[in-house]
Amino acid sequence: MLLFTLLLAACSGGGSQKEAWKDMSWETIEEEADGTEVRLYMWGGDEGINRYIDEWAAPRLKEAHNITLERVPMDAAEILQKLQTEKQAGKQDGPIDVIWINGENFKNAKENELLAGSFTDKLPAFNEYYDTEDPAFQTDFGTSVEGMEAPWGKVQFVFHYDADRISEPPSSFEELQNWIHDNPGMFTYPRAEDFSGNAFLRHVLYAQAEEPSDIYENPLNEADIQPAADRTWAYLKDIQPDLWRSGNHYPNDLTELDRLYSQGEVLMTMGYNESRAESLVADGVFPESTRSFVLEPGSIGNTHFLSIPFNSSNPPGALAAINFLLSPEAQLAKFKPDYWGENTTISLDQLPEDMKQKFEAVDRGDSVLSTEKLEESFLPESEAAYVEWMKEQWFDEVVQP
Amino acid sequence: MKSFNLKHSLLFLPAVLFMLLPLYGLLTAVLNSFGRHRGWTLDYYRQIFESNRFVTSLVFSLQTALIATLLSILIGIAFTRSFYPILEKMAPRVSVWIPMLFPHFVWGYMVILLLSETGVAAQLLTAAGWIADPQQFPILTRDPDGIGIILTYVWKEVPLVILMLLPVYASIRPEYYALVDTLGGSAWNRITAVELPHLLPVLMETSLIIFSFTLSAYEVPALLGTTFPEMVSVLSYDWFYGSSWQKRPLAFAAMVSISLVLLVLSFIGYGYLNKARWRAMRGSRS
Chain A
86 MLLFTLLLAA CSGGGSQKEA WKDMSWETIE EEADGTEVRL YMWGGDEGIN
136 RYIDEWAAPR LKEAHNITLE RVPMDAAEIL QKLQTEKQAG KQDGPIDVIW
186 INGENFKNAK ENELLAGSFT DKLPAFNEYY DTEDPAFQTD FGTSVEGMEA
236 PWGKVQFVFH YDADRISEPP SSFEELQNWI HDNPGMFTYP RAEDFSGNAF
286 LRHVLYAQAE EPSDIYENPL NEADIQPAAD RTWAYLKDIQ PDLWRSGNHY
336 PNDLTELDRL YSQGEVLMTM GYNESRAESL VADGVFPEST RSFVLEPGSI
386 GNTHFLSIPF NSSNPPGALA AINFLLSPEA QLAKFKPDYW GENTTISLDQ
436 LPEDMKQKFE AVDRGDSVLS TEKLEESFLP ESEAAYVEWM KEQWFDEVVQ
486 P
Chain Y
253 MKSFNLKHSL LFLPAVLFML LPLYGLLTAV LNSFGRHRGW TLDYYRQIFE
303 SNRFVTSLVF SLQTALIATL LSILIGIAFT RSFYPILEKM APRVSVWIPM
353 LFPHFVWGYM VILLLSETGV AAQLLTAAGW IADPQQFPIL TRDPDGIGII
403 LTYVWKEVPL VILMLLPVYA SIRPEYYALV DTLGGSAWNR ITAVELPHLL
453 PVLMETSLII FSFTLSAYEV PALLGTTFPE MVSVLSYDWF YGSSWQKRPL
503 AFAAMVSISL VLLVLSFIGY GYLNKARWRA MRGSRS
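In the order they appear, the protein sequences are chains A and Y.
With our numbering applied, the first sequence covers 86 to 486.
With our numbering applied, the second sequence covers 253 to 538.
These aren't lab readings, by the way, just hints derived from the structure by calculation.
If you're wondering where the values come from, they're calculated on a predicted model, not measured in any experiment.
Mixed in with the good hints, there may be bad ones.
[Said to hold, decoys possible] In silico BS3-like cross-links for lysine-lysine, where the CA-CA straight-line distance does not exceed 30 Å:
id : chain 1 : residue 1 : chain 2 : residue 2
1  : A       : K207      : A       : K107
2  : A       : K147      : A       : K421
3  : A       : K207      : A       : K322
4  : A       : K167      : A       : K147
5  : Y       : K499      : A       : K167
6  : Y       : K499      : A       : K322
7  : Y       : K527      : A       : K176
8  : A       : K103      : A       : K147
9  : A       : K322      : A       : K421
10 : A       : K103      : A       : K176
11 : Y       : K499      : A       : K172
12 : A       : K207      : A       : K239
13 : A       : K322      : A       : K172
14 : Y       : K527      : A       : K195
Working from the sequences, and respecting the hints, build out all of it.
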């Protein structure tokens, strides 16, 4: 009983303290953050990204703000599960200070009240260098952001091919269809449960709609998209017999597709990151002649964010760390192909002239499409419900005999 | 008498403490599968058993697990029987158990590296001229019949069977065999009259362990399974970690159903063994 009372006391004590950061000035927040430790939980499947955090960001954050940044690799879905468990157990001093999140995970986190609250208006870097009104920062896969997550980067979906083996890649989904029939067994895509596979399938849906905006501007309504959906299943069933292994097996994840591509079993791979081939080429996994392409009617892109969980034991530290990761210096290092090579969310026009030139001088590598090409083909993400809808429908319509 | 009972209950204490966490998990799963947070309902069970995807997956899982278990047991028995005098020595025994050192996940990857269409086996056979090019190599991993999954499990579980059976074989006194021989029994009688009665409890236990594991473990089918049909564990994982949390109760219902199957099997096995033991104690033969 005593233990229980103590536990209760600890909880309630933590609760009021938790909200204190909301009324602090930025100077106070930075003072509070000084000398603390911040644990950043994020997906850890990419060496370049991990090295960017461990080798570039962490030492500089320590130097500039005396904050120790510890990266903990964990899938976003599992992070949310952990938070949900902690919430149910009433644990107020959680181990997680910052999470890397977007889309459906953000939606789940927001709906289940796993986040600390609105904080982006506190961040000097965000207010100064970002287009805070950008629709890409206002909604995240159809979910209203409301300042509960700060835009960290953006990526765009591209296809990769080996320029030594394909002279002219397809330029539309129609041409892709013909290419698949002309080259049986040389193309496949990951199953719908996989993040990249699902994105590929949503591209097909965009392509089969009258206009892509019919999909991304509207919340999921199965009756409305029925014609587009029917054409999508027809398209997928049409290419199925000429896919790798005659479409009897779809790669379980992108790693499996990448392996097939690197072994030359298929001639194309894909991925939700316009520059991800660079590091794979550098590591010798992909052939040197790997290039990328996008298909008409365009390529889907999205923004990903950093957020703070409801029970972070160090909100000031989390805020300072996020502000640092959004700063022009950190964004420039992230933009360069050395570590991550990912597109920046920063608004170049709002930067000082010398910083802007540094961004413009970055060579992202041969396998990355030009910024103009990427921008002109950019299509926003649809509402998160489409992802789940696609998983189910794809299985029922395309896979299940 | 009372103190005797108390002592017995105390002996159970470590086991109870040890089981507390898994039991709590199981209880939560059962409650969630009946819709703890949204009002009590059997709806989730109705949904999964009406879904073609789940039923196909359940049949496929039971079939794969059963084949993997039977093969592991049979190969394990054959191996132990033929080699147990050698296996009494340290070095051979350790070498047989090497696969047990690796996690299932690692072993699964090894099977892919060895037996996939561009794997080591395909390349070797091509180099040796047995097949014209690696494309002709049969599809053994990520196949719709679960061959890859079964291969991985059999390879991994045979050492476990040997581990379990070796002490039993080592403890069979040679006089029993001599007795069978004296009475004019055949080699088959040696197995049925001497070995099987000794092995039966251990065999039952080992089969149950392997069957439960292969039926519900996730990593090997996730790695070596195909898109359709899929193992129940993979389907449940997708339901549980899917983007919307609405399907979580389905995952709980699926796993609770699996647990129920295993529970019933365990009780049948336990009951059968108890009966056999009872008969042996009374000395009657059937």
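Right, here's what the structure says about each hint:
no.	hint	verdict
1	K207/A <-> K107/A	9 Å, holds
2	K147/A <-> K421/A	21 Å, holds
3	K207/A <-> K322/A	50 Å, violated
4	K167/A <-> K147/A	27 Å, holds
5	K499/Y <-> K167/A	18 Å, holds
6	K499/Y <-> K322/A	27 Å, holds
7	K527/Y <-> K176/A	50 Å, violated
8	K103/A <-> K147/A	24 Å, holds
9	K322/A <-> K421/A	40 Å, violated
10	K103/A <-> K176/A	12 Å, holds
11	K499/Y <-> K172/A	20 Å, holds
12	K207/A <-> K239/A	21 Å, holds
13	K322/A <-> K172/A	44 Å, violated
14	K527/Y <-> K195/A	57 Å, violated
The structure shown violates the earlier hints numbered 3, 7, 9, 13, 14.
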